[in-house]
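These protein sequence lines map, in sequence, to chains X and B. Be aware that the first sequence starts at 43, since it is given in our numbering, and climbs by one per residue. Be aware that the second sequence starts at 857, since it is given in our numbering, and climbs by one per residue.
Some hints here could point you the wrong way.
Said to hold, decoys possible - Only pairs whose alpha carbons sit at most 35 Å apart, straight line, appear in this in silico DSBU-like list of lysine-lysine:
| # | chain 1 | residue 1 | chain 2 | residue 2 |
| --- | --- | --- | --- | --- |
| 1 | B | Lys1424 | B | Lys1103 |
| 2 | X | Lys53 | B | Lys1161 |
| 3 | B | Lys1161 | B | Lys1103 |
| 4 | B | Lys859 | B | Lys1450 |
| 5 | X | Lys53 | B | Lys868 |
| 6 | B | Lys981 | B | Lys1161 |
Stated by the list, open to error - Residues of chain X clear of chain B, computed beta-carbon distances all greater than 10 Å:
| # | residue |
| --- | --- |
| 7 | Asn45 |
| 8 | Thr49 |
| 9 | Ala57 |
| 10 | Glu60 |
| 11 | Arg70 |
| 12 | Asp83 |
| 13 | Met107 |
| 14 | Gly143 |
| 15 | Glu159 |
| 16 | Gln195 |
| 17 | Ala202 |
Hints in this document: simulated from the structure, not taken from any laboratory. Each residue gets a CB set at the ideal place from its N, CA and C atoms; glycine is no exception.
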Amino acid sequence: MTNVTMTVNGKSVSAPAEGRTLLVEYLRTGLGLTGTHVGCDTSQCGACVVHVDGRAVKSCTVFAMDVEGSDVRTIEGMANADGSLGVVQQAFQDHHGLQCGFCTPGMVMTTAALLAENPRPSEAEVRHGLEGNICRCTGYHNIVKAVLAASGQDADAIAAQ
Amino acid sequence: MPKDTGIGASTKRREDVRFLTGRGVYTDDLTMFGQAHAVMVRSTVAHGRIVSIDTAAVEAMPGVLAVFTGEDFKDVGGNPAGWLINSRDGTPMREPKRPVLAHGKVRHVGDAYAAVIAESYAQAKDAAQVLSDATVIEELPAIIDMKAAAADASNRVHDEIPDNICFDWGWIEDNRAAVDEAMKSAPHVVTLELTNNRLVPNAMEPRASIGEYFPGTGDYKLTTTSQNPHLTRLLVCAFVMGIPENKLQVVAPDVGGGFGSKIYHYGEEALVLAAAKRLGRPVRWTAERTESFLSDAHGRDHVTKIELGCTKQGDILAIRTETYANVGAYLSNFSTATPTFLHGTLMAGPYKVPHVYVNVKTVFTNTAPVDAYRGAGRPEATYSIERVVDKMCRELNLDPFEVRRRNLLTPDQFPYTTPVGLVYDTGNYQATLDKAVELADVAGFEARRAESARRGKLRGMGLSTWIEACGIAPSHLVGVLGARVGLYDAATVRVNATGTISVMTGAHSHGQGHETVFPQIVAEKLGIDASSVEIVHGDTAKIPFGMGSYGSRSLAVAGSAMDRAIDKIIAKGKKIAAHMLEAAEGDITFADGKFSVAGTDKAKTFGEIAFSAYVPHNYPLETLEPGLEETAFYDPANFTYPAGAYICEVEVDEGTGKVDVVSFTCADDFGNVMNPMIVEGQVHGGVGQGIGQAVLESTSYDENGQLLTGSYMDYAMPRADDVPFYTVDHSCATPCTHNPLGVKGCGEAGAIGSPPAVVNAVIDALHRGGHTHVSHIDMPVSPNRVWQAMNA
Ligand code: FES
Ligand code: FES
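Take these sequences, add in the hints, and give me the full structure.
This is how it looks when you write it as structure tokens:
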């Protein structure tokens, strides 16, 4: 075990990790940031998505040591400074884009990265962009609407087409 | 104007805030002081005799604290089936013991026969691998195919069960001869053989359990991913471990989806409790997704032959089915009810069909246990009926919409006693069908089809009119049918001295939004602000009792209990108000949060009454206890019967066989709707799963019993780009006649009604494209199957 240091949600942090410690384990058990979830063991569900240096990354797929010194953002760092929900989070609540909430942190992180890259995606681009995130509860209808709404588009009108 | 609070308002969910900020608390998020980690050791063969397990090989490994095998649990009880089903000849079902850890034999890949407990998860995992290598299992031939298993007496999943049959059930046996007669004399008989594909539920949160033991008091605590903590407590205490029920607290905190798979008690729950006691430390276990695939109860897996007798005009005269239902290697808790009373009793569908007979043979195989999965039995019934009705339309060249209209029960026929033992209380199936036709723009289909054709795609439209029985369930009725439990529910409404309210409900929310919806009802009934109402669920130490959430029962059963408890609160409030206002109790009315003396302006607010109940200075203490807290148990008088009409449009690529679901329309009757936003979300989710079943999801065991689809690389989960936006409507409401809220339940509808609509649409597309030889394709309608069918 060696100590691995990085910036998480704007704070410099340090916690022990083995060579095989995944970033998601480091966050969850090392730092107690349990908002990032583990939904699979084959890097395919997206429940674990965080941002590493601004890019959406499946945190079950990188070793903590490999992102030493990086700037990591997790779901716990997505609210506004005053504690209110950020734009993407608020859109998910407004459009009922979550049910059990287990996929939600990954969905929010993926959405934020998607919109940073493509601020006004089409429905097809949203669906394609969320392809790496599985939700078993919502049938995706309201998630797609939430993403469209977070990009400032009229989600109801698009869904009704 | 839609309401913005109370019953019928699309109130935004309060639970969302914690989920959206990473502050949900799921079982695996908890850390216990001094915790140890359990890793299960699972069979890598489907069927085998355990020759030796060399526990000494791991006991000295770093961090290893304990090793458990089946031997440690051979003297405790088994995990039982909740329903006792009799075969047609009256003999009781065969019920082999389901041990905490496999003992003597392993019976499916993933069957846990040992567990290693260690200081760290990594150490436990390392040791589990070593123990697996240090175990000798003599492999036996795997029993995978149901019909072969039933035919071959030489190879047995359970040595004491000669033909691998759990039971051979007839429903209703006394009607069989009449059904045979009606079938024989029917002018036309349609026959269809189909498979209802095995599914893996795949709640996104894998199962997890933490056991604790408190030597000072002898108390146990189990924190677990459960849809029904009280049921788990009952099973662990009374059947498996022999712990007194008042010595075990079961907590199900935030749970990341269930869909049936978390109803059941699993061996890992008993294991962590036993390990916690032996070690004197909390012991935790969390499944990896691979373990979920191998060891969660799967769903469906029926092979059915259905026959439908009818007139040449399409009037249904009789339905007869023979089904082989896979129960897997052991009986999971609801596994015997699902293919029988949740399936056979729905085999008349929403139709006036005079003669119905259902035969179900349940078969043990060397596969994971199969149990209720979203819809549970009712999707299987609906799929069989709606597919055979569709086939009838093709054989007789009839319009599927017209045929439905001819056969659907009409509103004047309710209450309607079906030939399979249910009494539908109310409905208007024509209304939902008309609504679906309108919303799906059936009239515009031809133009859409032509447009698809220009892009080289075959377009088809499929219909399904479905019904389900939910609000599970009237205890008396299910008792007659073999249930070993009652299926009422309970609620305590606690009005605190300051007027805030805690509702302890037996329902469990794992995505359904109870924390938001239940306060809407309380607020409306008591004329107070919903924000002062808190829902408490998922903890046997806090809630009075509860049978949990499944079978679309939360609102219809637990919600009704809550409604009853609120009525008791109001009744007591009237007594207090009568005293304070110096009026007769009969003159007190309650409305808009105020107790008033009728015909006067004398009144007390709800808050004043609550305060007086806890500070009883001016209070009828001689005749009334202080305090304001009421509990109600509610046992439903009947099932509820949601119903609806679904229309699906698909495009099929003739070159590849790929099916795209391009539109999906639902017109449902859920009775009264408490929160439309949440109800619509439930339908979206169910339809998403139904499209998954119809188009993508396949659970495949090879002939050796290896699960070929054991990860998200091999098991195709529906993803965002596999589904369209759905059109969902619930305006054609006929309120349930026998529960106080008039609600029917909406959680399973989408998963029940959608698969046949999708497959009917695919067959329609192929026929319109000239492939008229294709009468059926089994689910999932994968490119491979569709292409093969077209080119057969
Ligand atoms: S946990 Fe990382 S993709 Fe599933
Ligand atoms: S909200 Fe439950 S998995 Fe997406």
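Hints, verified against the model:
no. : hint                    : result
1   : Lys1424/B <-> Lys1103/B : holds, 31 Å
2   : Lys53/X <-> Lys1161/B   : violated, 63 Å
3   : Lys1161/B <-> Lys1103/B : violated, 49 Å
4   : Lys859/B <-> Lys1450/B  : holds, 21 Å
5   : Lys53/X <-> Lys868/B    : holds, 32 Å
6   : Lys981/B <-> Lys1161/B  : violated, 45 Å
7   : Asn45                   : holds, 17 Å
8   : Thr49                   : holds, 17 Å
9   : Ala57                   : holds, 14 Å
10  : Glu60                   : violated, 7 Å
11  : Arg70                   : violated, 8 Å
12  : Asp83                   : violated, 5 Å
13  : Met107                  : holds, 15 Å
14  : Gly143                  : violated, 3 Å
15  : Glu159                  : holds, 17 Å
16  : Gln195                  : holds, 14 Å
17  : Ala202                  : violated, 8 Å
Checked against the numbered hints above, the structure violates hints 2, 3, 6, 10, 11, 12, 14 and 17; every other hint is satisfied.
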